[in-house]
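Residue numbers (the working numbering): 159 to 381.
Please note that the accuracy of each hint is not assured.
[Said to hold, decoys possible] Subject to a maximum C-alpha distance of 35 Å in a straight line, what follows is the list of computed DSBU-like cross-link-like pairs (lysine-lysine): (1) Lys-245 - Lys-346; (2) Lys-182 - Lys-325; (3) Lys-289 - Lys-245; (4) Lys-365 - Lys-178; (5) Lys-245 - Lys-178; (6) Lys-366 - Lys-261; (7) Lys-289 - Lys-325; (8) Lys-182 - Lys-261; (9) Lys-261 - Lys-245; (10) Lys-178 - Lys-346.
Since the hints were made in silico from the structure, they are not lab data.
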Amino acid sequence: LKPSMTTEQIVGLTWDGLKKFDGKTAVYIRPMYWAEHGGYMGVPADPSSTRFCLCLYESPMISPSGFSIGVSPFRRPTIETMPTNAKAGCLYPNNGRAILEAKNRGFDNALVLDMLGNVAETGTSNIFLVKDGHVMTPAANGTFLSGITRSRTISLLADYGFRTTEKALSVRDFLEADEIFSTGNHSKVVPITRIEDRDLQPGPVAKKARELYWDWAHSTSAA
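Make a model of the complete structure from these sequences and hints.
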């Protein structure tokens, strides 16, 4: 695809769109590019036909009190099989079926593994655990998108004195964690309060990560 809009243009359109809301509504901002025409035999995208759309719609954040996750039987693809390094529309059906399967078992969201059986992410966000005061998150190994909120949270925690270790993490690591929390563009930083049949409480590190993020966000918007 060939991007056709500048950052300044997209920001300007976003502000115009936000004026249509009351200022109290949680609005999700989704810029999208796609190709209107295909190339060889209609399969590869024709960059010259790249189109842009900016969608703004009401999408309430999930409760800051936390949510539950169940281990999904579905796996994240690898970079060799899907464009996992982009927020691509073709990846949504896999995450969607993982979430639906988890909901059918009484969970809010899914814990999705990579092809090696290590934890990758939830169905909608990156994921962290805390054990004995140490913060850990799955290493970005090409099977999931290393999100902007994930990077921001790692940086904010580091400034506060918590170093985050990025490494391969198993389901057992999460089952035995003292705290679990998620980071994502939709609901920012949210604790996970149940994994399979184990209940958890929002812990001090998750609470601090959320506090640090919103302090940063509010100071940035005010500036």
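We went through each hint and held it up to the structure:
1. For a cut-off of 35 Å, the pair hint linking Lys-245 to Lys-346 stands: about 17 Å separates their Cα positions.
2. The straight-line distance between the Cα atoms of Lys-182 and Lys-325 is roughly 39 Å, outside the 35 Å bound, and the hint therefore fails.
3. Distance hint between Lys-289 and Lys-245 is fulfilled; the C-alpha atoms sit about 30 Å from each other, no more than 35 Å.
4. Of the pairs offered as hints, the one joining Lys-365 and Lys-178 holds, with about 33 Å between alpha carbons and a cut-off of 35 Å not exceeded.
5. With a C-alpha separation of about 26 Å, the suggested pairing of Lys-245 with Lys-178 holds against the 35 Å cut-off.
6. A threshold of 35 Å between alpha carbons decides the hint, and for Lys-366 with Lys-261 the separation of about 29 Å falls inside it, so the pair holds.
7. A hinted pair counts as satisfied when its Cα atoms are at most 35 Å apart, and Lys-289 with Lys-325 qualifies at roughly 14 Å.
8. With a CA separation close to 29 Å, the supplied pair Lys-182 and Lys-261 stays within the 35 Å bound.
9. As the CA atoms of Lys-261 and Lys-245 are separated by approximately 23 Å, the hinted pair is consistent with the 35 Å bound.
10. Distance hint between Lys-178 and Lys-346 is fulfilled; the C-alpha atoms sit about 23 Å from each other, no more than 35 Å.
Going through the hint list in order, the structure does not satisfy hint 2, though it satisfies all others.
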